[in-house]
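Participant: Next come the chains, spelled out residue by residue.
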Amino acid sequence: MQNTPGSGSYALSVLFVLAALVCAVLAVLYYFAIVHVLVSDPHAHNHPTHAIVLLVAAVACLVAANFARPKPA
Amino acid sequence: MTTWQALFMGLLQGATELFPVSSLGHAVILPSLLHWTFRQSDPTFLPFLALLHLGTAAALLILYWREWVGIVRGFFTAAVRGRIETADERMAMLLLIGTVPGALVGAFFKGQIAVLFSSARAASVFLFCNGLILLGAEMLRRRSERRGVGRTEQEMAFKEAGQITFRAAAITGLSQVLAFLPGISRSGVTMCGGLIAGLRHQEAAKFSFLLATPIIAGANLLEVPQLFHSSAPLGLYTASAVLSGVAAYVSARFLIRYFRSGRLDPYGVYCLLAGALAFVLLR
Chain E
1 MQNTPGSGSY
11 ALSVLFVLAA
21 LVCAVLAVLY
31 YFAIVHVLVS
41 DPHAHNHPTH
51 AIVLLVAAVA
61 CLVAANFARP
71 KPA
Chain F
1 MTTWQALFMG
11 LLQGATELFP
21 VSSLGHAVIL
31 PSLLHWTFRQ
41 SDPTFLPFLA
51 LLHLGTAAAL
61 LILYWREWVG
71 IVRGFFTAAV
81 RGRIETADER
91 MAMLLLIGTV
101 PGALVGAFFK
111 GQIAVLFSSA
121 RAASVFLFCN
131 GLILLGAEML
141 RRRSERRGVG
151 RTEQEMAFKE
161 AGQITFRAAA
171 ITGLSQVLAF
181 LPGISRSGVT
191 MCGGLIAGLR
201 HQEAAKFSFL
211 LATPIIAGAN
221 LLEVPQLFHS
231 SAPLGLYTAS
241 AVLSGVAAYV
251 SARFLIRYFR
261 SGRLDPYGVY
271 CLLAGALAFV
281 LLR
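The listed protein sequences derive, respectively, from chains E and F. Residue numbers for the first sequence follow the working numbering, so the first one is 1 and each next one is one higher. Residue numbers for the second sequence follow the working numbering, so the first one is 1 and each next one is one higher.
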């Protein structure tokens, strides 16, 4: 998590941003019950727990991306 | 559910949530042993349990409110800066790493796991296993302790909660998934994770309590609104939740003091005995 000035990886940072995007899109799909994979009630109109957890994961990925990006020396 | 049953459940939840003896296991086993007839499949039962858990989370927030102010502030500062500079910022990121994998696995697989092992008899077996986990972690810990010195001195050779590595925090956080099995204690497995990662007993308990707060609050906050759309006795349920919070607060204060020099052994032995006894009685 901790990187010194000048270190970091641009590629890793981009990877985390992509992961954040995937999580955010999945969060929307779960919230509107377009996706029903691994839910307790497949007939529910929305799956807020899954959506919120995915949203938190998206935020965590964005934080990780910011940590991973190369910092100016 | 009668008034006394609801209040007893509140007290039981608050007292057992933070002790490494599995609150869920006790909530499944004890009503069966006492032949209580309330239906756990009732639509208001799950939101009721969620409300009790929120009482516990509130107690932990009150107990560690100074730490939480620093952690929340540290999270935003470090997240924007992209670099960790203070102890609070490091703790915020440790908790994030410890919470997200467990929350993801929990959200997607909790239902499947709970359905498979929801019987009181299965809970008694897992309670026995919980005892083995606690005693096993203590056995591993003893191997890395200095011999021939006092307990306090032995403990001081180990790390504080904020010094745990990020990998250890992630593994400790992920171990919370085991607690979806009724009988396996969430605080127990996270304390064991902390001990194996080289934390002092007291610091392992503190890290476990800090790790518990967002997961307990987050997982249960969504369930509670269902109570408002039902005919559930809200006053009684709220009183039970308050009782749960008070019991949790007292338990946490006791445990933090106890773990200055105490070990997990007594709880491990209790789980072995209680699990075995419940297994025999529930035939």
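Think of the hints as simulated: they come from the structure by calculation, not from any bench. Note that this is a predicted model, so its numbers are computed, not measured. The reader is advised that the hints may include incorrect statements.
Straight-line C-alpha distance at most 25 Å; calculated DMTMM-like pairs for lysine to aspartate or glutamate [what the hints assert, rightly or not]:
#1 F:159 x E:41
#2 E:71 x F:85
#3 F:159 x F:223
#4 F:110 x F:160
Derived coverage of chain E by chain F (criterion: at least 3 residues anywhere in the stretch with Cβ under 8 Å from a Cβ of chain F; other residues may be distant) [claimed, not checked]:
#5 14-22
#6 42-50
Note that CB positions come from ideal geometry on N, CA and C, so glycine has one too.
Participant: Each hint needs a verdict: does it hold in this structure or not?
Facilitator: Structure-based check of all given hints:
1. Between residue 159 (chain F) and residue 41 (chain E) the alpha-carbon distance is near 44 Å, which puts this suggested pair outside the 25 Å criterion.
2. With a C-alpha separation of about 14 Å, the suggested pairing of residue 71 (chain E) with residue 85 (chain F) holds against the 25 Å cut-off.
3. With a C-alpha separation of about 37 Å, the suggested pair residue 159 (chain F) and residue 223 (chain F) falls outside the 25 Å cut-off, and the hint is violated.
4. At roughly 31 Å between alpha-carbon atoms, residue 110 (chain F) and residue 160 (chain F) are farther apart than 25 Å, so this suggested pair is violated.
5. Under the rule that three or more residues need a Cβ within less than 8 Å of chain F, the assignment of the region 14-22 of chain E is violated, with 0 such residues.
6. With a cut-off of 8 Å between beta carbons, the region 42-50 of chain E has 3 residues touching chain F; three or more are needed, and the interface restraint holds.
Comparing the model with each earlier hint shows violations of hints 1, 3, 4 and 5; every other hint is respected.
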